[in-house]
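Q: Chains as they are written, first to last, in the UniProt record's numbering: chain A, 1 to 319; chain B, 1 to 319; chain C, 1 to 319.
Calculated from the structure, these hints are not laboratory results.
Glycine is no exception: its CB is placed at the ideal position from the N, C-alpha and C atoms.
A few of these clues could be false.
Below are the DSSO-like pairs computed for lysine-lysine, each with C-alpha atoms no more than 27 Å apart in a straight line [as the list claims (entries may be wrong)]:
1) A:Lys260 - B:Lys10
2) C:Lys8 - B:Lys260
3) C:Lys260 - C:Lys309
4) A:Lys309 - B:Lys10
5) A:Lys8 - C:Lys260
6) C:Lys10 - B:Lys260
7) B:Lys8 - A:Lys263
8) B:Lys263 - C:Lys134
9) A:Lys10 - C:Lys263
10) A:Lys263 - B:Lys134
11) C:Lys263 - A:Lys8
12) B:Lys263 - C:Lys8
13) B:Lys8 - A:Lys309
14) B:Lys134 - B:Lys309
15) C:Lys134 - A:Lys134
Simulated coverage check for chain C against chain B, where a stretch passes if three residues somewhere in it have a Cβ under 8 Å from a Cβ of chain B [as the list claims (entries may be wrong)]:
16) 7-19
17) 55-65
18) 77-89
19) 108-116
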Amino acid sequence: MASLWLAKLKLPVLLMVIQITFFALFGLFVDYDSEARPRQYGLSESNNNSAVFQDVHVMIFVGFGFLMMFLRRYGFSSMGLNLLLAAITIQWSTLVGGFLHHGGDKFTVSIVSMVTSDFAAATVLISFGALLGKTSPLQLLVMALIEVIVYAVNEYIGIVLLQVSDIGGSMFIHAFGAYFGLSVARVLYSPEVEKSTKEESVYHSDMFALVGTIFLWMFWPSFNSALAMEDAQHRAVLNTYFALVACCVVTFATSSLVNKNGKFDMVHIQNATLAGGVAIGTSADMIIMPYGALIIGSVAGFLSVIGYKYVTVSLAIYQ
Amino acid sequence: MASLWLAKLKLPVLLMVIQITFFALFGLFVDYDSEARPRQYGLSESNNNSAVFQDVHVMIFVGFGFLMMFLRRYGFSSMGLNLLLAAITIQWSTLVGGFLHHGGDKFTVSIVSMVTSDFAAATVLISFGALLGKTSPLQLLVMALIEVIVYAVNEYIGIVLLQVSDIGGSMFIHAFGAYFGLSVARVLYSPEVEKSTKEESVYHSDMFALVGTIFLWMFWPSFNSALAMEDAQHRAVLNTYFALVACCVVTFATSSLVNKNGKFDMVHIQNATLAGGVAIGTSADMIIMPYGALIIGSVAGFLSVIGYKYVTVSLAIYQ
Amino acid sequence: MASLWLAKLKLPVLLMVIQITFFALFGLFVDYDSEARPRQYGLSESNNNSAVFQDVHVMIFVGFGFLMMFLRRYGFSSMGLNLLLAAITIQWSTLVGGFLHHGGDKFTVSIVSMVTSDFAAATVLISFGALLGKTSPLQLLVMALIEVIVYAVNEYIGIVLLQVSDIGGSMFIHAFGAYFGLSVARVLYSPEVEKSTKEESVYHSDMFALVGTIFLWMFWPSFNSALAMEDAQHRAVLNTYFALVACCVVTFATSSLVNKNGKFDMVHIQNATLAGGVAIGTSADMIIMPYGALIIGSVAGFLSVIGYKYVTVSLAIYQ
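Using the sequences and the accompanying hints, generate a full structural model.
A: The structure is reproduced here in structure tokens:
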């Protein structure tokens, strides 16, 4: 009985300890950025970031929140867990990112740092998607705390030391989050366990997942352009917009082609329509020209449907 | 067997051919606008357009997407088709509009052209609404390709040649889209076919349609002001806002008046609350004064409910 | 028969009379603000407000609209009533606020006045939440008309005369709206009536309420910063963001702690996650430092769950 009572306390007590630690670390290290301090004028540029930040925020909480509802049994709680994981990740990544970039000195927060923390939340939520229905909230929490550190170090090495360009975070957010989640899944589960999980989808939850997809899809131009400046920001919006519409057309076409009745498969639509946003992410701010964006988006949509159709199936055979 | 196989290929192959044609035409004709090219400064004004563009984008994909779910049988797929039609229309109207306005020369894309392409998508989706549950995806696709051309020519004649003012596209988007859709419906169907269609609405899909209505309703100030400048943009936001709230009050009042139990009819709410946004569209940027906006919105709401109640019923009688 | 017919007419006729009165009062008193009049330049700052206004608008119509759906029987109609009440309140509070601040002279409307009117709508909708399922549309309408006057006078005394600071309206919007609604409930109902009401929640409507919560939660930084300027606006965004994420973590922790199985209670998540936004509202634009925002949000989340768990239950016992 006593041990059961202790088990039940583990998660809330850990959450409380984490939050109190955050108080202390924020108190010691975090200050407002100059644009959020008195006597600063002519800040119209950063004002715009506020609108872009809100767009990214919608992707994190509505986009991912709904997308996670594709498993029926977890529909409701997955949206709540999505909120909890993001809320912890946002605070933790503000701290970890600050420590890494300022070597233990005090550092500041701004609308740009809010966008960056939301990006870290996106990374954790992508990993969460790979683990949905297979892990307890406690395991997810531990994963999030570790993943944020690995993510920040990986991004620091890539962006700061190697000077890799990845404006929309295709590598450092999407690919990293997906592989991290898959690795955790591999460590935690044997194939037998995996088969017994409640991974079933129904009409209703499929519809919610589609809503999530559409919110992610719509606001992707803001996501890919949020950290770009001036003309590069305009290019990032334009390139992402065109990559996504082309990706969408090719996803529908390929989905119909590989279906034996020529029907569109909603699972393809939910996933592959977003591939264009990921694919264009790395180069969204570059001068790749509108037709280049169309081609990148199209190839991504095509490969995503083909990959989903044939690779997943063949993996299932070999399991 | 072979012909069935061919039939199934028709749609995806057509989609692929269209997308590849788009690659070529974009490669030959489309470049970035100056504000998306390097070494441009002081672009704070167009940054704002980026937020307005995202609002319009939400109307196209969430607003229309949900609104189309009012037919139960098509709930799910209508949201997907909405996405596909918009994705094709956006690319095609970028090209058609560019050809028309630049006589075959190269032309540029910018955030303004993205808004314009989204407007063309709105036009096609309004026509789609009139055909929902009566047409195949292939028919809708062909309709979209033709409609974009007619739309662009119509708009070119109206705005460029005749210098008609229609900032929110009441005539060139809403009225045009509706009549085009109804005309296509008339051409494609005999009354008998029409009766047998699956046009049934249920509680659940009605709720989704209401969500679509509310997303359209909320962001309409951005829609009507997206292409206006400076003080005209402010007026367009204010006038649309006031027209919509007044329209809303009168729609509820009229809906209750014409109902034999004094109840509100959700079908009226879903449709007539938006009439104010359409009605104010043409003159949204003009100095019509706040009370003028209230009156325009109110008359629109009243006529829309009355029209829906009595004209639709009488049409049904004569069929 | 005749009296029944008259009863049915009461609501729509009242709505019509109200709307026509609004025409007259707007015609006599309301003009555009200078930034919405011709020949005004360099208005990039107020352009940003347009994006913030749209965020607040989403909170009013989607956030509150969905949140009100927590009662199953009222799911559908509550979203409609939410729309109607907000549409009336927006117009009425434009007038009442204008009269109060300009002593009967003509006054102007601008994007700032639109935000202020949306805030008044939030107040009325919070009161509506306390009355849901217990009142007729007519009663709600009368309440809204009266509440707007009391709200405006209360705010005028507080902000203008006493110079109280309440940038996010914690006192003048949230607390006022809640207590006004509870007072009306107390006046209108005896305990027996209250017990017989249809206040039941089900899985499905709980999910919609969670969606409402998330829309309110996401856009709260825009809400609390909408009327702040320059660096204060940045601080309001940052402080609200941090208060909300910390509030979220502590809400989940406390909800698990007070649950006998250690589970999260969705009713807590739906309500207490928002407490951080309310708590930080009064001081959101002040230099309270990021760790201060975290602590304020956390305490609010903790007290909200504890209050809901123990105070509500004990109230139920004493009833």
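Q: None of the hints should be skipped; say for each whether it holds.
A: Okay, the hints, checked on the actual structure:
Distance check on the hinted pair: Lys260 of chain A and Lys10 of chain B sit about 13 Å apart at the alpha-carbon level, within 27 Å; holds. Distance check on the hinted pair: Lys8 of chain C and Lys260 of chain B sit about 9 Å apart at the alpha-carbon level, within 27 Å; holds. Proposed proximity of Lys260 of chain C and Lys309 of chain C is supported: the alpha carbons are some 12 Å apart, at most 27 Å. Pair hint Lys309 of chain A plus Lys10 of chain B holds up; C-alpha atoms about 21 Å apart against a cutoff of 27 Å.
At roughly 9 Å between alpha-carbon atoms, Lys8 of chain A and Lys260 of chain C fall within 27 Å of each other, so this suggested pair holds. Distance restraint check for Lys10 of chain C and Lys260 of chain B: the Cα-Cα separation of roughly 13 Å lies within the 27 Å cut-off, and the hinted pair is therefore satisfied. Between the alpha carbons of Lys8 of chain B and Lys263 of chain A the distance comes to roughly 8 Å, so the proposed pair stays at or under 27 Å and holds. Restraint check for Lys263 of chain B and Lys134 of chain C: satisfied, since their Cα atoms lie roughly 17 Å apart, inside the 27 Å limit.
Proposed proximity of Lys10 of chain A and Lys263 of chain C is supported: the alpha carbons are some 12 Å apart, at most 27 Å. Annotation: proposed proximity of Lys263 of chain A to Lys134 of chain B holds, straight-line Cα distance about 17 Å (limit 27 Å). In summary, the hint linking Lys263 of chain C to Lys8 of chain A is supported, as the alpha carbons are separated by about 8 Å, within the 27 Å threshold. Simply put, Lys263 of chain B and Lys8 of chain C have alpha-carbon atoms about 8 Å apart, close enough for the 27 Å limit, and the pair holds.
Simply put, Lys8 of chain B and Lys309 of chain A have alpha-carbon atoms about 18 Å apart, close enough for the 27 Å limit, and the pair holds. For a cut-off of 27 Å, the pair hint linking Lys134 of chain B to Lys309 of chain B stands: about 23 Å separates their Cα positions. Between Lys134 of chain C and Lys134 of chain A the CA atoms are separated by roughly 43 Å; this puts the pair beyond 27 Å, and the hint is violated. For the stretch 7-19 of chain C, the assignment as covered by chain B holds, since 10 residues bring a beta-carbon within under 8 Å of that chain's beta-carbons and 3 suffice.
Check on the stretch 55-65 of chain C: 5 of its residues sit with their Cβ under 8 Å from a Cβ of chain B, so the three-residue criterion for coverage holds. Residues of the stretch 77-89 of chain C lying with their CB closer than 8 Å to a CB of chain B number 8, which satisfies the three-residue condition for coverage. For a cut-off of 8 Å, the count of residues in the stretch 108-116 of chain C with a CB near a CB of chain B stands at 4, and the three-residue condition holds.
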